[in-house]
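A.B. asks: Protein chains in written order, with my numbering: chain Y, 8 to 327; chain P, 16 to 369; chain E, 353 to 554.
Please note: incorrect hints may appear among the correct ones.
[Claimed, not checked] Think about it this way: if two alpha-carbon atoms lie no more than 16 Å apart in a straight line, the pair counts; the simulated EDC-like pairs of lysine to aspartate or glutamate are: (1) E:K500 x P:D204; (2) Y:K305 x Y:E283; (3) P:K265 x E:E541; (4) Y:K120 x Y:E149.
[To be verified] Quick look at which bits of chain Y chain E covers, simulated, 3 or more residues with Cβ under 8 Å: (5) 114 to 124; (6) 188 to 194; (7) 222 to 236.
[Said to hold, decoys possible] DEER-style ranges, computed between Cβ atoms: (8) P:N62 x E:D542: 29 to 39 Å; (9) Y:N189 x E:A398: 18 to 28 Å; (10) Y:E36 x P:P25: 41 to 51 Å; (11) P:P42 x Y:T15: 41 to 51 Å; (12) P:N62 x Y:T15: 31 to 41 Å; (13) Y:E158 x E:A474: 39 to 49 Å; (14) P:K265 x Y:I193: 53 to 63 Å; (15) P:D137 x Y:K103: 28 to 38 Å; (16) P:P129 x Y:P255: 52 to 62 Å; (17) P:R70 x E:D542: 41 to 51 Å; (18) Y:D37 x P:K68: 12 to 22 Å; (19) P:N62 x Y:K164: 45 to 55 Å; (20) Y:A168 x P:R70: 52 to 62 Å.
Keep in mind that the hints were calculated from the coordinates and are not lab data.
Where is the CB? At the ideal position from N, CA and C, for every residue including glycine.
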Amino acid sequence: MSGQTRLTVIVTEVVAVNSLIKRFRFVREDGGLMPGFSGGAHTVVEMDDNGTRRLNAYSLMSDPADTSGYEISVRRDDTGRGGSLFMHNGVKPGMKMVISQPVNLFGLDLRAKKHLMIAGGIGITPFIAQMAQLDSLGHRFELHYAMRDRELGAYMKELSARHGERVHAYYDLEKQAIDLANLLKIQPLGTHLYVCGPKGMINWVLSTAKAMGWPKGALHSEEFLAPPVGEAFKVELSRSKITVEVGPTQSMLEALEAAGVDAPYLCRGGACGQCECRVTASDGEILHYDHWLSDEQKAAKTHIMPCVSRFKGERLVIEL
Amino acid sequence: MSLDDAFKDPFFRDESFFGDFSYKNSPHAVNRFPFPFPEDDYMYSVNMEPHVKGRPGSIFEHYFDVDEHYVSEMRDRARVLEQDPLRCQSLPHMTLAGWDLLELIMEKFAEEYPQWFALTKDSNRWHWINRPLGIDQKFTFLDESTLPMGPFEYITRQAQGDFTLQDQREDNLWIEAGMVTSQADWSLDFDIGMNFHEWHAPVPLAHQMGIFDRALKFLLALQHGAPVRRFNWTMTVDPLLDTSPENYHKWGPTKTTLTPENIGKRQHLRVELQTLIRLPRSNAICFPIRCYLISMDDLVTRPKWARRFHRVIKTVPDELATYKGFIRNKPMILDYLSKFDDGAPTSPGWWPED
Amino acid sequence: MSQTQADEVMKSRPLYGTLTPKQGSSHFIVADGEGGDAVAALLNAAPDMKPLAHIVYIPGANGTDLTALLEGLGARVFHPAPSYASASQRIRKVLGDAHMGLQLYVAGTEGLIGQVQRDAIAAGLPHDALTTEQRGSKARRVQCVHCKGITENVTLDPFVCSHCGLNLFVRDHYSRRLAAFQGVCIDAEDPGEVPPSEERFK
Ligand code: HEM
Ligand code: FES
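Produce the complete structure using the sequences and hints provided.
C.D. replies: Written out as structure tokens, the structure is:
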């Protein structure tokens with residue numbers, strides 16, 4: 008990414024929303040306004056985690072009409088690689104950070120007659136911004152939000168206050184569940200369906216909708232994969248003619264960047280396809296974690312997505 | 016909106032792009048003309064570079080170039096729209112992108128040309144002044160009822176060049192709004208609603224070369240804050256901005272009226288500076304297509320351009336010359352240009368003096 | 353753009369498939385002329401669609417009339433219509449009242465498929481959500497780029513615009529929004545020099 012696509016910001020608020028989620032607010036260091044953004048957009052936050060550079064993508068959840076600052080929410084993942092732990096433990100008000108300009112891989116289709124949104128857990132964040140935007144545009148929408156319990160159900164109160172009857176909450180621990188089949192049956196023609204949450208939920212919603220005859224063009228989903236941890240491995244770059252070590256809690260993309268390689272990316276979560284690399288040799292198993300490559304491509308071992316995928320074996324050579 | 020107002024800056028030429036064709040480039044405009052050929056031959060390519068500020072005085076000095084033809088071009092646009100209102104269309108879901116563009120143009124114009132334009136904001140209550148066109152407008156940002164027309168039409172009546180807005184969805188771009196009155200022979204009314212490959216369908220060779228696949232992949236990932244630009248070019252008889260398919264039966268016959276005596280004055284090189292900009296609130300991509308015209312007589316006053324242009328026209332594939340619509344006059348154009356090509360080598364790049 | 357590319361490379365040219373049953377809560381089927389045969393094949397292959405099927409059938413401009421065949425298929429609703437214009441209000445109303453899960457099938461001429469697709473898009477369906485099959489006449493719906501008038505059932509190239517009278521050649525460039533191909537004046541540069549018409553679209 009070139010220079011103009013990043014913003015230097017100051018952290019102005021860190022709020023513990025509940026025992027797992029913290030909300031962060033960023034304003035521009037130079038005092039100027041943030042660029043507007045579209046509901047569903049994310050920003051990539053750069054972290055210096057004790058010398059390890061981490062870049063994680065988080066959905067923007069503030070009102071897109073509010074250009075005084077951006078807000079994100081981060082759920083702490085105690086077993087992950089540390090990006091969310093760093094945000095929770097290391098980021099304090101007043102700190103200077105670098106974030107990317109907004110990128111939207113989960114955009115609203117503004118032609119829709121109605122927007123039906125299904126959120127699970129922290130997957131609520133892009134919808135908060137989208138609903139604010141739809142509300143001001145006067146579009147029709149409805150949110151169905153499933154969470155574990157009242158304590159961990161972030162932002163439900165604020166959403167009810169702003170959008171009233173249009174938001175519906177479901178608490179797992181109270182044995183409440185979305186009646187998906189019925190919900191999908193009664194939607195007017197021209198409804199678009201959006202889902203964001205855990206993988207299992209996304210698969211359930213999309214496969215139910217497909218089975219009920221919803222066309223692919225009306226289905227939208229977003230799942231951010233945190234790059235998985237794994238065993239260390241080495242990768243050879245055929246163009247740059249160097250070999251890079253990937254540590255156990257580092258993604259291959261992060262290792263490439265640490266080695267000074269300018270590798271392309273947008274989502275850093277296996278969804279956008281930007282980081283795709285051709286594999287020219289591999290004598291082991293590629294651990295594909297992305298949603299981008301087709302099953303055939305994955306099986307053929309011809310490509311790899313360095314932002315999330317890993318390798319187990321002696322020798323991996325990629326074209327970069 | 017009134018175009019004849021007390022404010023008169025002699026910088027802006029009073030000229031026409033039809034009828035008596037009084038359009039002319041001043042020596043300054045000739046000198047800064049965006050000659051689009053960095054080499055002695057031409058073929059389609061994914062020719063995109065960052066849209067960053069360039070040499071002072073050049074057309075790259077500003078984000079949007081406002082030049083001596085501004086007022087007359089806007090008058091020509093108003094004339095074309097009056098004859099054919101279908102040249103400006105915006106599908107209903109593109110209104111937000113129209114506001115994005117309005118904001119971008121007003122902010123950049125006011126910042127880069129404070130002598131002509133001013134924008135003051137009190138949260139969403141905005142005050143816009145366009146002195147060259149005599150416009151003084153107070154309105155509420157994002158509230159359509161406070162402008163005399165939709166935001167997209169409103170602002171593109173005040174900015175040179177055609178504009179299209181592309182919605183992004185289903186891993187494609189969809190041309191769903193446009194202000195198109197100075198086009199190189201394509202119809203907005205016909206193309207609106209198409210995707211990237213569909214609206215480019217008539218272009219020869221480039222599909223097979225994979226150019227559109229690569230360009231689309233690049234554009235889908237285009238980031239806010241990192242616009243890019245490219246050039247396209249064609250040939251037009253007389254400085255006619257509105258070479259529309261709609262009026263092809265009216266301007267087409269002029270191609271048969273070129274003679275060796277008048278060709279230098281009447282045959283123009285038409286260059287489009289195209290920018291690609293990600294818009295913030297709508298996530299749409301804006302595509303300004305800024306048209307620059309230069310007569311061959313003016314072009315050959317720069318020896319490097321004259322030599323190179325002769326070589327480009329000589330070697331351009333017939334498919335391209337046919338598509339661009341100058342195949343029938345190609346021999347006459349070459350005859351004219353050959354007199355200015357002594358065979359001397361040309362330096363790389365397009366600047367006239369290097 | 354005065355040059356027209358060959359069919360196989362014109363990327364705006366629509367592609368059609370064959371009518372095959374889809375999962376859905378209701379099935380809305382529109383056909384004209386020989387397209388009726390495709391509908392019969394569809395419902396005979398998937399008889400359980402019949403109680404959920406609504407058919408609108410328009411006899412072909414070439415005289416092909418399969419009304420009796422379709423009426424006998426046993427669909428929940430069968431509506432014969434003399435023309436697209438007479439059926440279009442009904443089609444828009446059915447689409448406007450429908451719910452997600454409705455499946456839309458169109459068989460017959462390109463002009464019919466294009467117009468139903470256009471109405472379906474306006475009702476909010478993605479353009480590729482229709483199941484289509486081209487049958488019968490290859491005659492084209494053509495928009496004159498000059499006067500904007502649409503001429504139906506064009507078989508000749510070049511042809512005379514039925515609205516403004518210009519001599520038009522028929523491009524393969526296709527607009528989904530207009531459901532029409534583009535007609536461009538063939539003798540613009542040399543008025544009066546019009547090549548003889550050929551029957552290109554049978
Ligand atoms: C996203 C914004 C763009 C829009 C709206 C756009 C639109 C168009 C249109 C309407 C035409 C005329 C097609 C016809 O004959 O009917 C055209 C031609 C063409 N476009 Fe684009 N275009 C865009 C971006 C690009 C990009 C990024 C490339 C980069 C490779 C490109 C390459 C071309 C070429 C090579 C031609 C043929 C031009 C000639 O020879 O005169 N376009 N474009
Ligand atoms: S960066 Fe998006 S898939 Fe890797």
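A.B. asks: So which hints don't hold here, by number, going up?
C.D. replies: No hint contradicted; all consistent.
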